[in-house]
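Here are the chains, one letter per residue:
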Amino acid sequence: MTRKPVHFYQVGSFAVGNRLLDDENRTVQSNPNRTNSIDSGHRACQGCGEVLGARYALDAAMRASNGQLVAVNATGCLEVFSTPYPETSWRIAWLHSLFGNAPAVATGVAAAMRVKGKSEVRVVAQAGDGGTVDIGFGCLSGMFERNDDVLFICYDNQGYMNTGVQRSAATPPAARTATTVTAGPEPGNVFGQGKDLPRIAMAHDIPYVATATVADLHDLEQKVERAMEIHGARYLHVLVPCPLGWGSASDETIHIARLAKETGLFPVFEAEHGKVTGVSPIRRRTPVEEYLKLQRRYAHLFGPTPRPDIVARLQEIADENIARYGLVTNDTEDSVSTEVTA
Amino acid sequence: METPFAITLDAGTSRANHTGSWRIERPLYVDRLPPCNNACPAGEDIQGWLYEAESGNYEAAWRKLVAVNPFPSIMGRICFHPCETACNRVQVDDAVGINAVERFLGDLAIEHGWALPATALDTGKRILVVGAGPAGLSATYHLRRLGHQVRLVDSAEQLGGMMRYGIPAYRLPRATLDAEIARVVGVGVEVVVGHVVHDIEAERRAGKFDAVFLAVGAQIGRRVDIPAGDSSKVIDAVSFLHQVAAGDPPLLGRRVAVYGGGDTALDAARTARRLGATDAVIIYRRNRERMPAHGEELEQALGEGVTMRWLSTVDRFEDGRLVLETMRLSDQGFPEPTGEYEELDADSLLLALGQDTDLSLLNGAHDVVVNDGVVEVQSTMMTNVDGVFAGGDAVPADRTATVAVGHGKRAARGIDAYVMGTALESAPKHELATFEKLNTWYYSEAPRTQRPELERIRRQTNFEEVVGGLTEENALFEARRCLSCGNCFECDNCFGVCPDNAVIKLGDGQRYQFDFDFCKGCGICVKECPCGAITMVPERT
Amino acid sequence: MLRQIEGSRAVAETVALCRPEVVCAYPISPQTHIIEAVGAMVKEGLLSPCEFINVESEFAAMSVSIGASAAGARTYTATASQGLLFMIEAVYNAAGLGLPIVMTLANRAIGAPINIWNDHSDAMAVRDSGWIQLFAETNQEAADLHVQAFRLAEELSVPVMVCMDGFILTHAVEGVDILEQSVVDGFLPPYEPRQVLDPKDPVSIGAMVGPEAFEEVRYLAHLRQMDALARIPGIAKAFEEVTGRASGGLLRSYRTEDADTIVVALGSVLGTIKDAVDIRREAGERVGVVGITSFRPFPAEAVREALSKASRIIVIEKAFSIGFGGVLATDVALVVQGADAKVFSVVAGLGGRAITRRSLEDLLAQSARGDLKSLTFLDLDRAAVDRELTRMANTRRSGPSAENLLRDLGSDHGASKVKS
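Protein chains in written order, with the working numbering: chain A, 1 to 342; chain B, 1001 to 1541; chain C, 2001 to 2420.
To be clear, the hints were calculated from the coordinates, so they are not data collected in a lab.
Please note: incorrect hints may appear among the correct ones.
[What the hints assert, rightly or not] Simulated pairs of lysine to any residue, SDA-like, Cα-Cα distance not exceeding 20 Å:
no.: 1; chain 1: A; residue 1: K116; chain 2: C; residue 2: G2039
no.: 2; chain 1: A; residue 1: K195; chain 2: A; residue 2: P308
no.: 3; chain 1: B; residue 1: K1437; chain 2: B; residue 2: T1535
no.: 4; chain 1: B; residue 1: K1527; chain 2: A; residue 2: H218
no.: 5; chain 1: A; residue 1: K116; chain 2: C; residue 2: G2045
[Claimed, not checked] Take a look, some chain C residues computed to stay more than 12 Å from chain B by CB distance:
no.: 6; residue: D2201
no.: 7; residue: K2237
no.: 8; residue: R2281
no.: 9; residue: P2297
no.: 10; residue: G2323
no.: 11; residue: S2374
no.: 12; residue: V2385
no.: 13; residue: A2402
Glycine included, each C-beta is placed from N, C-alpha and C at the ideal position.
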């Protein structure tokens, strides 16, 4: 399905909905009859990006599958704040797996549906970054390798937040966590470590890999829709800021996710069978400081003993992403004077 | 399904947990004052009628507009659009083309023959309006809507005041002017043209008017003593333009000089060009930055071959030759003579040095306070004489048609309160929707539509309208560039970005409501509202 | 039909008759022949409809099983030893969620040191998990127990593992009667899940349960195991009615009517024990055997009843709790508390060491003489142990004991080699 560009209408291209757009050009979220896969009353922190990402992705998946959806959820924030006995916020069929096996459990669900002749029932597995890149890595790779019919969604808040903000392989360099404190010659998380899961997923040659953020709802929903058109192993990596773990204001969650993309630190793209097929270009190129300054996990890079050398290295990472994926186009407004050479 | 105890839970049971108890502050939907509305001298609800236009409801948009200002076609041509200067979109790309859309709506109304609503109300009160320029016509219109009887008198043969006799046809075509004036008169007005009022008190008594509105304008061109020979043709620009509009243009010769730096000077020079002058030069004692004329007008004048003589004054005019003295600006910006002179050939000299009000009609009303040639009024537009109101160029204010329309409306309200014995209440103003309250990320790139302009070659020989209007497609596009500053336009952002699903969508046109059982007060809705229509307030303890 | 067939193959074919819908396993000795056979049947279309999934670890295998079972599919898996430990989180998870997964546990020792041969340490490692554990004595019983296991699991919504001794049973070829499909179909109705993932009736399975309700959840699981105690004999009886043979049940007694010494054990060793007991009987000793089939739930009443007339109870087991003693022995001792009997714990066959009839005869003789200690390690090479102890005392860093023992056994010093 080709994506039709939304004709310009005020905020139609970027906002959730608009009174004058046709329903098909609005997002699922703008529909008052959206599923609300995860409903009110959950115990997520104020301004939680993960619960927003989950509702966005699952409501879109519910629409794409005509409500024929089962979700398998790894242990983590999303599972803990949504299902404390006796209350669950989920409105969809949902199974809590363990921490490291959401992909495998989802494989089992998909196999059961297939064998029972209910292939129209689609399966989504979801986990935080810990349950994806660390403890869940083995099962995830196995699911990819077998090309099981599962859409795996990683909500990446770059750390083990539910247990008190510890470092994962998705924690970016220089970020403060409880296990990478801001002390020593390399304060915060060290450089030279970490896993780039989207690229690892691409290396498995699976039918669909995409990254997205909670700041661009249209893009996220379109990617879920695209993923649901495909059968086989699919991977969606969604950046979801965590006000608690990142030390940001609760109202800045979407703003920060937007800056992650606009600086180039979080590239937004799609790939099929290992090849990048589309990129969401940067709209207004922004230096990494704008993004870092809003988060106390980077506060040690500024203030009385600043580390411009570290900030420069982070800028290099952003620039490399921009070069690798071609994130800057003719339409990008450039507020950075540094030249980008591909 | 019979489910095992505790391990398995029924869907949606979390709604028993009212997380609203977590809040220390709560969001509140607000309506803020858009800067365009705030800047409009006529007090139009610009954002309001743009909102209607955006959905293609042009008639609804027009009706909303003319509820305040009955002259959109005129305004869309001659208003200097302070709304656009104030428009927040200037800080994104370009101001919304409000003026162009207003013109589109006005022209569409004329095309479709939309009529102004007539009122069934009749208060039995009689009001005399002296002067049928924009102030007088506006007051007449609003007084009629309020149900009062109006007699509108004007000294000229046709209604319109400066709109007809001061603004040339290439800026305001006569057909447009006539159509919009006729519409106002059409709501039921007693019109007397060619009537000069000599004594306002006497005329008031004679006609048993409950109140009067003096909208006599400032039609007397100020003169300055310039030594000139008998053969030197020196005319004041106001009279010149009046004669041209009346269809009786004077002969000016090939080389015309205009003395002055305001819009009238530009109008005079451009008109002279169209009447055949090969040279039309404007002589102004200061420089471009200090020139009071509007930039757009100057650009067009220059494009039509009008030339400028900055920092010059006219010393004398003899035998077809102007002697100019060069000026320089002091540190405070005042022009100072340098003692250097130059000569300029000229067949005629038009004086555009300002205009004065003819207040002879006040002969019988000595108590009306006049200061500096204009009538002092209160905020109700009433002079210090009960029942005597004034507005437009005749009172201290910026001298534009839009301001005059605003005065007319305000005066009508003031008169209404006065004659009905009611108190005049004005609604408290909302907080201004300033730029930093917006989140402009959500607005797509949309460069402003330019209005088509008549090619310069064609302009020089006729009075055809120079600036054209927008097509419907363009007008719609332009209206939709509006950011809706400070007022919800149902973009669904708050409904979508709430992590707690605590915003209720009420349906078309009814906006949204917060579900305070669940709202945790995170503030994302406030931050992501594109138009700044939500604020946070402390939670009541 | 009676066939000369490897134990693994018998189990595989019987499991296939049970019409599992999702089969998923990770290869580990000595379970491999079971899953290879099932996998081949699926690929050849002989077992259909069935999804056979090759996974990347045992943890994944049990996880896939959990997903499949929660989605309403009849699910089967198999593992042993290290593999069981690798999936242990999921093993507990399956029981906690009440998913009727059936698993073959091809009993094998747990390392370190790595050992691929049979003992019961793997089963013992998960005895508290909430799974039902049934121990097969023969290949026939191993096959039959799987049929009963599916029915038991699905009736109660409790997972069941069928334990069969690795290599001893799995790789032995002997005569096994493979049932007819119609018999199994008659015995095993289609799976009706108690709870299921269904978009049309969405529920959240696997909530977080805090202190206010956790104890009750565990108690309810315990009650379900008590229900199992009631159901197991009934299911065995029903099985006997359609097959004509006794298989399963809680326990089986052999020559215990007048025994004052009773040997208690699990699994295949019961065969050798009965041979030894027969010989001792001929010598006049009043000795009998109780073979426990259902280890969890532990049939306390039945065991106490079966042992009520004995004064000496010898528990022989292939497992022990390091630092304490026999596992089964401890359970038995607790159950016969108050009775006038002495319980002797004998640990034997660890890591696949053969338990010979001769050794058992000697053991019984020792018991008859009154020389049996309360805890005995059968056929322990005392000399090798002593040499290692001496070496450890003399040298501070003397290397790992296991390596030393092996080296020792391979050398001239290892005179007292393992008896064959």
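The hints, checked one at a time:
At most 20 Å may separate the alpha-carbon atoms for a hinted pair to count; A:K116 and C:G2039 meet this at roughly 19 Å. Taking the CA atoms of A:K195 and A:P308, the gap is about 25 Å. The hint is violated against a cut of 20 Å. The suggested pairing of B:K1437 with B:T1535 holds, with an alpha-carbon distance near 9 Å, which does not exceed 20 Å. Distance restraint check for B:K1527 and A:H218: the Cα-Cα separation of roughly 18 Å lies within the 20 Å cut-off, and the hinted pair is therefore satisfied.
Distance restraint check for A:K116 and C:G2045: the Cα-Cα separation of roughly 16 Å lies within the 20 Å cut-off, and the hinted pair is therefore satisfied. The non-interface label for C:D2201 is inconsistent with chain B: the shortest C-beta to C-beta separation is roughly 5 Å, within 12 Å. With a least beta-carbon separation of about 28 Å from chain B, C:K2237 lies farther than 12 Å from that chain, consistent with its non-interface assignment. A cut-off of 12 Å between C-beta atoms confirms that C:R2281 is not in contact with chain B; the least separation is 49 Å.
At roughly 18 Å, the least C-beta separation between C:P2297 and chain B is larger than 12 Å, which holds for a residue marked as non-interface. Every beta carbon of chain B lies more than 12 Å from that of C:G2323, the smallest distance being close to 34 Å; the non-interface claim holds. Residue-level check passed: C:S2374 sits 42 Å from the nearest beta carbon of chain B, beyond 12 Å. Distance check for C:V2385 against chain B: the nearest CB is about 48 Å away, which clears 12 Å, and the non-interface claim stands.
Remark: the non-interface label on C:A2402 is consistent with the geometry, its nearest Cβ contact in chain B lying 42 Å away (cut-off 12 Å).
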